[in-house]
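Given only the sequences and the hints, what does the whole structure look like? Please build it.
Residue numbers (our numbering), protein chains in the order written: chain L, 2 to 590; chain X, 59 to 582.
Calculated from the structure, these hints are not laboratory results.
There may be inaccurate statements among the hints.
As the list claims (entries may be wrong) - Facing chain L, from chain X, some residues (calculated, C-beta under 10 Å):
| hint | residue |
| --- | --- |
| 1 | V69 |
| 2 | L98 |
| 3 | G99 |
| 4 | W126 |
| 5 | D129 |
| 6 | F130 |
| 7 | R176 |
| 8 | F208 |
| 9 | E209 |
| 10 | Y216 |
| 11 | A235 |
| 12 | L247 |
Just so we're clear, the structure is a prediction, and the values are computed from it rather than from any experiment.
For every residue, glycine included, the Cβ atom is placed at its ideal position computed from N, Cα and C.
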Amino acid sequence: MSAWSGSALSAPGVHSLWTESAPGGTADAAAHGAASGAAHEAAHAVARMTLAAARPVERIPTPKIEYAQLAPVLIVLGAAVIAVLLEAFVPRRFRHYAQLFLTVVALAAAFAAVVGLAAGGHATTRAGIAAMGAVAVDGPALFLQGTILLASLVAVFTFAERRLDPADHGHRVDSFAAEAAAVPGSEQEKAAVRAGFTTTEVFPLALFAVAGMLVFPAANDLLTLFIALEVFSLPLYLLCAVARRKRLMSQEAAVKYFLLGAFSSAFLLFGIALLYGYAGSVSYGRIADVVDGSAAPVDPALASTMGNDALLLIGFALVLMGLLFKVGAVPFHMWTPDVYQGAPTPVTGFMAAATKVAAFGALLRLLYVVLPGLRWDWRPVMWGVAIVTMLAGAVVAITQTDIKRLLAYSSIAHAGFILAGVVAATPSGVSSVLFYLAAYSFVTIGAFAVVTLVRDAGGEATHLAKWAGLGRRSPLVAAVFGVFLLAFAGIPLTSGFTGKFAVFKAAAEGGAGVLVVVGVISSAIAAFFYIRVIVLMFFSEPQADGPTVAVPSPLTMTTIGVGVAVTLVLGLAPQYFLDLAGQAGVFVR
Amino acid sequence: MSFPLLTATAVLPAAGAVLTAAVPAGRRTAAKWLALLVSLGTLVLAAVVTVRFEPGGARYQLTESHAWIADFGVRYELGVDGIGVALIALTALLIPFIVAAGWNDADEPAATATRRWRPTQGFFALILMVEAMVILSFEATDVFLFYLLFEAMLIPMYFLIGGFGDRAHAGSDEHAAAQRSYAAVKFLLYNLIGGLIMLAAVVGLYAVAGNFSLPGIVEARASGDLTMATSTERLLFLGFFFAFAVKAPLWPLHTWLPNAMGEATAPVAVLITAVVDKVGTFAMLRFCLQLFPEASRWATPVIVVLALVSIVYGALLAVGQRDIKRLVAYASISHFGFIVLGIFAMTSQGQSGATLYMVNHGISTAVLMLVAGFLISRRGSRLIADYGGVQKVAPVLAGTFLIGSLATLSLPGLAPFVSEFLVLVGTFARYPAAGIVATTGIVLAALYTLVLYQRTMTGPVKEDVRAVKDLRPRELLVVAPLIALLFFLGVFPKPLTEIVDPAVRHTMSDVKQQDPRPEVEAAK
Numbered sequence: 002m003s004a005w006s007g008s009a010l011s012a013p014g015v016h017s018l019w020t021e022s023a024p025g026g027t028a029d030a031a032a033h034g035a036a037s038g039a040a041h042e043a044a045h046a047v048a049r050m051t052l053a054a055a056r057p058v059e060r061i062p063t064p065k066i067e068y069a070q071l072a073p074v075l076i077v078l079g080a081a082v083i084a085v086l087l088e089a090f091v092p093r094r095f096r097h098y099a100q101l102f103l104t105v106v107a108l109a110a111a112f113a114a115v116v117g118l119a120a121g122g123h124a125t126t127r128a129g130i131a132a133m134g135a136v137a138v139d140g141p142a143l144f145l146q147g148t149i150l151l152a153s154l155v156a157v158f159t160f161a162e163r164r165l166d167p168a169d170h171g172h173r174v175d176s177f178a179a180e181a182a183a184v185p186g187s188e189q190e191k192a193a194v195r196a197g198f199t200t201t202e203v204f205p206l207a208l209f210a211v212a213g214m215l216v217f218p219a220a221n222d223l224l225t226l227f228i229a230l231e232v233f234s235l236p237l238y239l240l241c242a243v244a245r246r247k248r249l250m251s252q253e254a255a256v257k258y259f260l261l262g263a264f265s266s267a268f269l270l271f272g273i274a275l276l277y278g279y280a281g282s283v284s285y286g287r288i289a290d291v292v293d294g295s296a297a298p299v300d301p302a303l304a305s306t307m308g309n310d311a312l313l314l315i316g317f318a319l320v321l322m323g324l325l326f327k328v329g330a331v332p333f334h335m336w337t338p339d340v341y342q343g344a345p346t347p348v349t350g351f352m353a354a355a356t357k358v359a360a361f362g363a364l365l366r367l368l369y370v371v372l373p374g375l376r377w378d379w380r381p382v383m384w385g386v387a388i389v390t391m392l393a394g395a396v397v398a399i400t401q402t403d404i405k406r407l408l409a410y411s412s413i414a415h416a417g418f419i420l421a422g423v424v425a426a427t428p429s430g431v432s433s434v435l436f437y438l439a440a441y442s443f444v445t446i447g448a449f450a451v452v453t454l455v456r457d458a459g460g461e462a463t464h465l466a467k468w469a470g471l472g473r474r475s476p477l478v479a480a481v482f483g484v485f486l487l488a489f490a491g492i493p494l495t496s497g498f499t500g501k502f503a504v505f506k507a508a509a510e511g512g513a514g515v516l517v518v519v520g521v522i523s524s525a526i527a528a529f530f531y532i533r534v535i536v537l538m539f540f541s542e543p544q545a546d547g548p549t550v551a552v553p554s555p556l557t558m559t560t561i562g563v564g565v566a567v568t569l570v571l572g573l574a575p576q577y578f579l580d581l582a583g584q585a586g587v588f589v590r
Numbered sequence: 059m060s061f062p063l064l065t066a067t068a069v070l071p072a073a074g075a076v077l078t079a080a081v082p083a084g085r086r087t088a089a090k091w092l093a094l095l096v097s098l099g100t101l102v103l104a105a106v107v108t109v110r111f112e113p114g115g116a117r118y119q120l121t122e123s124h125a126w127i128a129d130f131g132v133r134y135e136l137g138v139d140g141i142g143v144a145l146i147a148l149t150a151l152l153i154p155f156i157v158a159a160g161w162n163d164a165d166e167p168a169a170t171a172t173r174r175w176r177p178t179q180g181f182f183a184l185i186l187m188v189e190a191m192v193i194l195s196f197e198a199t200d201v202f203l204f205y206l207l208f209e210a211m212l213i214p215m216y217f218l219i220g221g222f223g224d225r226a227h228a229g230s231d232e233h234a235a236a237q238r239s240y241a242a243v244k245f246l247l248y249n250l251i252g253g254l255i256m257l258a259a260v261v262g263l264y265a266v267a268g269n270f271s272l273p274g275i276v277e278a279r280a281s282g283d284l285t286m287a288t289s290t291e292r293l294l295f296l297g298f299f300f301a302f303a304v305k306a307p308l309w310p311l312h313t314w315l316p317n318a319m320g321e322a323t324a325p326v327a328v329l330i331t332a333v334v335d336k337v338g339t340f341a342m343l344r345f346c347l348q349l350f351p352e353a354s355r356w357a358t359p360v361i362v363v364l365a366l367v368s369i370v371y372g373a374l375l376a377v378g379q380r381d382i383k384r385l386v387a388y389a390s391i392s393h394f395g396f397i398v399l400g401i402f403a404m405t406s407q408g409q410s411g412a413t414l415y416m417v418n419h420g421i422s423t424a425v426l427m428l429v430a431g432f433l434i435s436r437r438g439s440r441l442i443a444d445y446g447g448v449q450k451v452a453p454v455l456a457g458t459f460l461i462g463s464l465a466t467l468s469l470p471g472l473a474p475f476v477s478e479f480l481v482l483v484g485t486f487a488r489y490p491a492a493g494i495v496a497t498t499g500i501v502l503a504a505l506y507t508l509v510l511y512q513r514t515m516t517g518p519v520k521e522d523v524r525a526v527k528d529l530r531p532r533e534l535l536v537v538a539p540l541i542a543l544l545f546f547l548g549v550f551p552k553p554l555t556e557i558v559d560p561a562v563r564h565t566m567s568d569v570k571q572q573d574p575r576p577e578v579e580a581a582k
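Structure, rendered in structure tokens:
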């Protein structure tokens, strides 16, 4: 307990050493002098002196790490490392249970740590920056980490589902390949299937991905941002490639995701380099100070580039591209349908929910912390992206015939709605986005979990034509999927409506009435294809050779049950969660 | 704390819907009786509401108010004025008849029934769910709450239209299913798009007012605490009005109604036109006029013209229909034109007339449509040309059909006459030309109803019609009370006008409109 409070108290001290001294000096100078040129020069001189005094030039100080505040990330990472060891040392037949147990315990413990931090006031009054300025521990970070952890927890249940496919050679099978390294169709693969191998590595991979996602929205400097991005992206590329059925398609999806993801990482890195050239620092706080002119150039080597607006604008555009790629916004969405379709469906659900939460979190922090002074430069661009994303996602989804691709385009349209809340640029905009992300992730995981249930001889029956008449064969499954579709469509009394209303409200208050109108239009377009699926399920005659609905184990049932419960609760009585998101609406700087 | 009577009128049918849906597959008769009992219980509660409501009292009575979503400025606020009471009474009155009339509509042949697929239970559960939402929407004084219900009621309606079609279809089963699904989707998309446009306006209203309480906003506007730019008010008005005009439905947004009423079973068609669509016209009175009085006055000329087009166009198309149910649908479009005309004539007679019209049209259309449904289910065809001479083989059926027809053409002595007369008088007082055009609607109504009666009921008995049996006791029990009510309200409309008039006076003062003085007096 004492270690906890001690570290928490020392956090602002460290923080001030690096960032607060310079603006402090300027503020003093500005308070005393008028806004004349001379006073400005004086301010810079003071700032330079303070910085020179405060910064030990020769020595690199021992980093001070607030372990308690980083506990959620550390728990997940530690569990991931242990999971790798389990993979190496535990006998094959016990691995599934050991891994599942470890993963669930780790995610639950990390969530408990998040709740503990929030209860300790780290979301509000004691919000601060930890780990030498690398990681922010504040309301949005904790809210998003909690969302990611809960979403991952229910998503992991679908990873572990082994009752959907009939047993193969007497071994129960899950959605993942027997041996990912075996060439599809080869003797080696057949041998692996006969031996009953399973890819239990998916659990440590998922844990590593979650750890990266936890850091991503909390990253407080650009390098941490980049590293977190890579930490969660690389496991996801692998997870996409390990489907048991349609392996070639799965591998193709993974390669596509990897190539495009690597490309976008390169953009991000290039942008980081340019921003460093602009600000002389990768810390969000420093860049923000340079942007609003309250910090002076310090490094003589960068004197020629610092404060150069061209670097800022180009660098920022590149960083933005990297992030918009991850959220799947148009025109950086090309990977989404292919990857969503090819990846094993449990992974798709996990990715669609958790990645989106993490990436939007990072985007929010970047836009709100780094660029408040540059708002009017990035706003028109973001407006354009939001409008195009909403419309393109909805329009292209109409032509889809595969349920997973349909949901992929729907996720693009939803990214557009969320962007509408992002550009509101107000605290209520932040909290509306937080709420939307929480609501959306559970609907998505639930919907993909239902997709795993509808099967025929070739595995999941994802072609829409096969879903005809599902409502007559399995009214309950169809009704549950109907609830998810209605939530996607934003029909009142579901979480989708509450989220959409929150976002539109924030956008309208932020003066983006046009976005509300476009959002409403694209909602109307989107309603068409969600309704089409409902028509298909309930009003069409079942096909003679239609798919069957597998009876899942309690694991998948839990996932779907939680999805439905969250959808309805957030639709009927959202106040508590709106409050939570509202309290979490302020970023620490 | 007093008993939450208004909530109870909605909770009872909603709970009934859940229970009905849960009845096991083999016990579908139990589900029917349960639904009927619940709808009768709701009628009792509605009667209590009507009795407890004091016409001369406060504007909104039996109010309830609870915190709900503070972040959006949304409260769970209920309250009824006279207009709301009249429509709640109408809804609660019609649902038992709709349930009784649709007694066997959803039963599937035993061969296709499965353990899990329970269409009968679903049918009655959906009807009760619609009832709950409609009643609550008549009670909501919070704009957001109203919007939620306005949109959410589309979903059960959609399943009622698409899932339980008319068996008497000309084409094959597949063709029928395709038609039905088309009608259901068209219904949903039209109304959903209307609703989404309203959503933009609801968001806009929040941005301007900061909360959603109807009495609060009206008061703030009247006292000058809340001002709206003219253009803002007009845009918001249009957003709201568009949604209500789709629902009502007003020309040119009406095209979903003939499809929906044609493909749905007769009781569901009654539910659409007599109950659900009334939410649209009710909301024009309650929300458009009160929230945006200036914009309402600004838009009045255009809306009056649209209403006139609806009256004449609907009537003309009704004359040309070959399908009985589509004919009733077009007749309804004409009648909704009268209701909208009465509302936007901005006179107290017009608005009282419009409110009475909503109630009377509900009853008269129910009689006509339900009897038509009984007839259609006997002969298995919706085409007028397939009938002839029915009055010789089924005199009671023909007689009730005649009364329904006469009510539809507003014969003096039957309830619709009172309301139509009031609407016309109210319109003449302000827009004499519009009154004259609207009167042609009456002439055309005589044409389409009497021609319908003549072609189906009189003349030589057609071969296929010979087997048509007269009304069964259950069917007679459905129709007789409604007919009695038509006569009663036609001769003695006072109970209804007493409840409605004070509410109309309030609305008129909100819109800052006074009745124009009669022309004759001015000439003296």
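For each hint, the structure was consulted:
For X/V69, the interface hint is violated, the least distance from its beta-carbon to any beta-carbon of chain L being 14 Å, above 10 Å. A cut of 10 Å between beta carbons decides the hint on X/L98: the least distance to chain L is about 27 Å, and the hint is violated. Contact between X/G99 and chain L, as hinted, is not supported at the beta carbon level, the nearest pair being about 24 Å apart and thus beyond 10 Å. Nearest Cβ of chain L to the Cβ of X/W126: about 7 Å, under the 10 Å cut. The hint holds.
Interface hint status for X/D129: upheld, as the beta-carbon distance to the closest one in chain L is roughly 4 Å, under 10 Å. About 7 Å separates the beta-carbon of X/F130 from the nearest beta-carbon of chain L, less than 10 Å, and the hint is met. Nearest Cβ of chain L to the Cβ of X/R176: about 8 Å, under the 10 Å cut. The hint holds. Given hint, X/F208 at the interface with chain L, holds; its Cβ is 8 Å from that chain's nearest Cβ, closer than 10 Å.
Hint on X/E209 holds. Least Cβ distance to chain L is approximately 5 Å, under the 10 Å limit. The criterion of a C-beta within 10 Å of any C-beta in chain L is met by X/Y216, whose closest approach is roughly 8 Å, and the hint holds. Checking X/A235 against chain L: minimum C-beta separation of about 7 Å stays under 10 Å; hint holds. Checking X/L247 against chain L: minimum C-beta separation of about 6 Å stays under 10 Å; hint holds.
Hint compliance for this structure: hints 1, 2, 3 are not met, and every other hint is.
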